[in-house]
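Colleague: This is what each chain is made of:
2 protein chains.
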Amino acid sequence: MVEGLSINLATIREQCGFAEAVDLCLKHGITKIAPWRDQIAKAGLDEAVRIVRSNHIGLTGLCRGGFFPALEASDRSKAIDDNKRAVDEAAALGADCLVLVVGGLAGASKDIGEARKMVADGIAALLPHARASGVPLAIEPLHPMYAADRSCVNTLGQALDMCEQLGEGVGVAIDVYHVWWDPDLAREIARAGDMKRILAHHICDWLVPTKDMLTDRGMMGDGVIDLKGIRRMIEASGFHGAQEVEIFSADNWWKRPADEVIRTCVERFRSCCQP
Amino acid sequence: MVEGLSINLATIREQCGFAEAVDLCLKHGITKIAPWRDQIAKAGLDEAVRIVRSNHIGLTGLCRGGFFPALEASDRSKAIDDNKRAVDEAAALGADCLVLVVGGLAGASKDIGEARKMVADGIAALLPHARASGVPLAIEPLHPMYAADRSCVNTLGQALDMCEQLGEGVGVAIDVYHVWWDPDLAREIARAGDMKRILAHHICDWLVPTKDMLTDRGMMGDGVIDLKGIRRMIEASGFHGAQEVEIFSADNWWKRPADEVIRTCVERFRSCCQP
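Protein chains in written order, with our numbering: chain A, 1 to 275; chain B, 1 to 275.
The set of hints was computed from the structure by calculation and includes no laboratory data. It is possible that part of the hints are untrue.
Over the 10 Å line for every Cβ pair with chain B, so calculated as not near, a few chain A residues [said to hold, decoys possible]: (1) E14; (2) A73; (3) A92; (4) A236; (5) E260.
Here are the computed lysine to aspartate or glutamate pairs in the EDC-like style, where the Cα-Cα straight-line distance is at most 16 Å [said to hold, decoys possible]: (6) B:K110 <-> A:D212; (7) B:K211 <-> A:D149; (8) B:K211 <-> A:D216; (9) A:K228 <-> B:D111; (10) A:K196 <-> A:E164; (11) B:K211 <-> A:D212; (12) A:K117 <-> B:D184; (13) B:K110 <-> A:D149; (14) B:K211 <-> B:D226; (15) A:K211 <-> B:D216; (16) B:K117 <-> B:E164; (17) A:K211 <-> B:D212.
Cβ-Cβ distance ranges computed for the label pairs, FRET-style [said to hold, decoys possible]: (18) B:D251 <-> A:A250: 19 to 27 Å; (19) A:A73 <-> B:M195: 40 to 48 Å; (20) A:T215 <-> B:A236: 38 to 46 Å; (21) A:A73 <-> B:D88: 54 to 62 Å; (22) A:D75 <-> B:P209: 19 to 27 Å.
For each residue, glycine too, the CB sits at the ideal point set by N, CA and C.
Turn these sequences into a full structure, and let the hints steer you where they fit.
Modeller: In C-alpha cells form, the structure reads like this:
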C-alpha cells in the first residue's frame, strides 16, 4: 500500500482505459484515483461504479465540472445542467469532490469581471443540487496563463473569497502547478485551512523551460516547485488527504509505458513530496 | 504628432537598428521610444545620446536592469555592478526610468521566497546610485508564467509592497500583458496612483491561443485584454504618461516590414487604447 498517494488518471490517459488504469494503480499499491468524466463515460458509469466498489477504490475527486461563462443565458443554463450530471456521476462514484475548472472569458468578451460574476452565479445555481447529493464542489484556481480560455479564477485567495460568498458545500482544490508562484500562498493556504475548505491537493512540477502551456507538466522532482514546503503548509493548515498526481505531458510521460509512469510517481512521491 | 504613444524598440528589434528605428518613429509622428541596452550598445552610447538629443526624442524607459538573484554572493555583486552601468546609461539618455526585470529563482534553488529577498536586497543596493543619478527604478511585475526564470515579482501588489519597503526612487512599470488577469488589478492600480509610483504603462495584447510563452504577444486589439478599461484605471489613478507598445512576436510582427508594424501600432493605439 502507498498511503497518501492518488493518481489522477489524466496522467496515463493516452495509455490506459479506466479499468486498465485501476488495475495498474492497484498493482502498485495505490487505492486512490481521480478519473475524468470522459474516461468514466467510455467505461460506462455503472461499470465504473462496479469497478470502484469491488476494489475498494477511493476517489479524491472527479474531473471535472465548470466552464460556466457564456454570452447567451441559454448556454449558461446548459452548462449548469451538464454540471448537475457531473454531480450525479461524482455521487454515484462516491468521489470526495467534483473538481471545477470554472471557465474563462465568455465568447469574444474582454470583461473578465463579468466572467467571474458568471462563475459565481453558475456555482450558486449548482450548489443546491450538489448539497442535496452530498458532493462538495472544489473550485480549482488555475494558473493566470489560463485566465482567458480555461479559468478566470486564478489565485487561491480569489477562490476562497468566492467560497465565502457562496456558503457551505464549496471548497478548493489546490494544485501546486497553478499556485506555486503566488506571493500570498502561505497566507492563503492557512486561511483555507481555517475555513476548512481544502478538498484536494494536486501535485506535479513546473519545468524550466516549459515548452507548452498545457501539456508540458513535469514529474515531481524534475522542476522548481518546493513540493515538500507546500505540503508542509497544507498539512499545517489541517488537510491530510492524499496528494493527487496530475501530469499532462504530451511529449514525455504520455509516451512512456503506463507501468513506468506509475512506478515513477510512487518513487517521486516518496522522495520529493513528503515533508 | 501622435501624442501619448511610445514605441518600445523590442517591437521592431528584428528589423531595425537604433538609428533606423528612431527615424521610422519620427516619420510616423512618434517622439517617444524605449530602447533596449543591447540596441544602445550596438549603436554606441554617445551616438545614441546624440540621436536622442538632436531629434528631441523622449525615452519612456530604458530596458532593462534586474536579474538580481544568484546563488553566489559574488554573482549578486556583479549583477548590481551591471545595474549601476544601466543606471548610468539611462541617465545619459535622459530616460524616464530604468525598467527592472528582477530575475527568477537563483540557480537550481526552489526557494522563491529567498529569490524575492535577493531582489529586494539587490534593488536596495542599487538605489543610492539611482537616486544620485536621478534615475527612477521601475519594477515591472511579470506574468506568473515567468516566475521561475525571469521574474519572481509577479503581481502589482507585490511590486508595490516592495516599493513601500524600499522607499523613494523606485516605482512600477505596469505592462497589461503581465497584469490583465489579476483579480486585484483595479485596487492595486488605484493604490499605485495614491503612492505616486506609476512610472510606465506598457501595452500589447494577450492572444488566444498563445502559442509561445515569450514571443507570441499580440498587437493591441487582436487579443482579449480590455486596454481601454485598464488605461481608464491608470489615468484615474493620476498617471497620464505615454502608453508604450512592447510586442515580442517571433512568428508575426517581427517578420513584417517595420513600417507596417509602426503604422499598425499607431492605428491600433488610436482605435483600441484610448478611453
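Colleague: Taking the hints in turn, state whether each one holds.
Modeller: Taking the hints in turn, this is what the structure says about them:
1. E14: Holds, because the least Cβ-Cβ distance between E14 (chain A) and chain B comes to about 21 Å, which exceeds 10 Å.
2. A73: holds (22 Å)
3. A92: holds (35 Å)
4. A236: The claim holds: A236 (chain A) sits with its nearest Cβ about 16 Å from chain B, beyond 10 Å.
5. E260: holds (25 Å)
6. B:K110 <-> A:D212: violated (21 Å)
7. B:K211 <-> A:D149: Given pair K211 (chain B), D149 (chain A) holds - Cα atoms ~13 Å apart, limit 16 Å.
8. B:K211 <-> A:D216: Holds, at roughly 13 Å.
9. A:K228 <-> B:D111: With a Cα-Cα distance of about 11 Å, the restraint between K228 (chain A) and D111 (chain B) holds, given a limit of 16 Å.
10. A:K196 <-> A:E164: Satisfied, since the Cα-Cα distance of roughly 11 Å is no more than 16 Å.
11. B:K211 <-> A:D212: Distance of about 8 Å is within 16 Å: holds.
12. A:K117 <-> B:D184: holds (15 Å)
13. B:K110 <-> A:D149: Roughly 29 Å separates the two Cα atoms, so the pair is violated.
14. B:K211 <-> B:D226: At roughly 20 Å apart (the allowed maximum being 16 Å), D226 (chain B) and K211 (chain B) break the hint.
15. A:K211 <-> B:D216: Status holds; Cα separation ~13 Å.
16. B:K117 <-> B:E164: holds (14 Å)
17. A:K211 <-> B:D212: holds (8 Å)
18. B:D251 <-> A:A250: 19 to 27 Å: holds (20 Å)
19. A:A73 <-> B:M195: 40 to 48 Å: Once the Cβ atoms are compared, 42 Å apart, the range 40 to 48 Å for M195 (chain B) and A73 (chain A) holds.
20. A:T215 <-> B:A236: 38 to 46 Å: holds (40 Å)
21. A:A73 <-> B:D88: 54 to 62 Å: For A73 (chain A) and D88 (chain B) the Cβ distance comes to about 60 Å; the hint holds.
22. A:D75 <-> B:P209: 19 to 27 Å: holds (21 Å)
Of the numbered hints stated above, those contradicted by the structure are hints 6, 13, 14, listed in ascending order.
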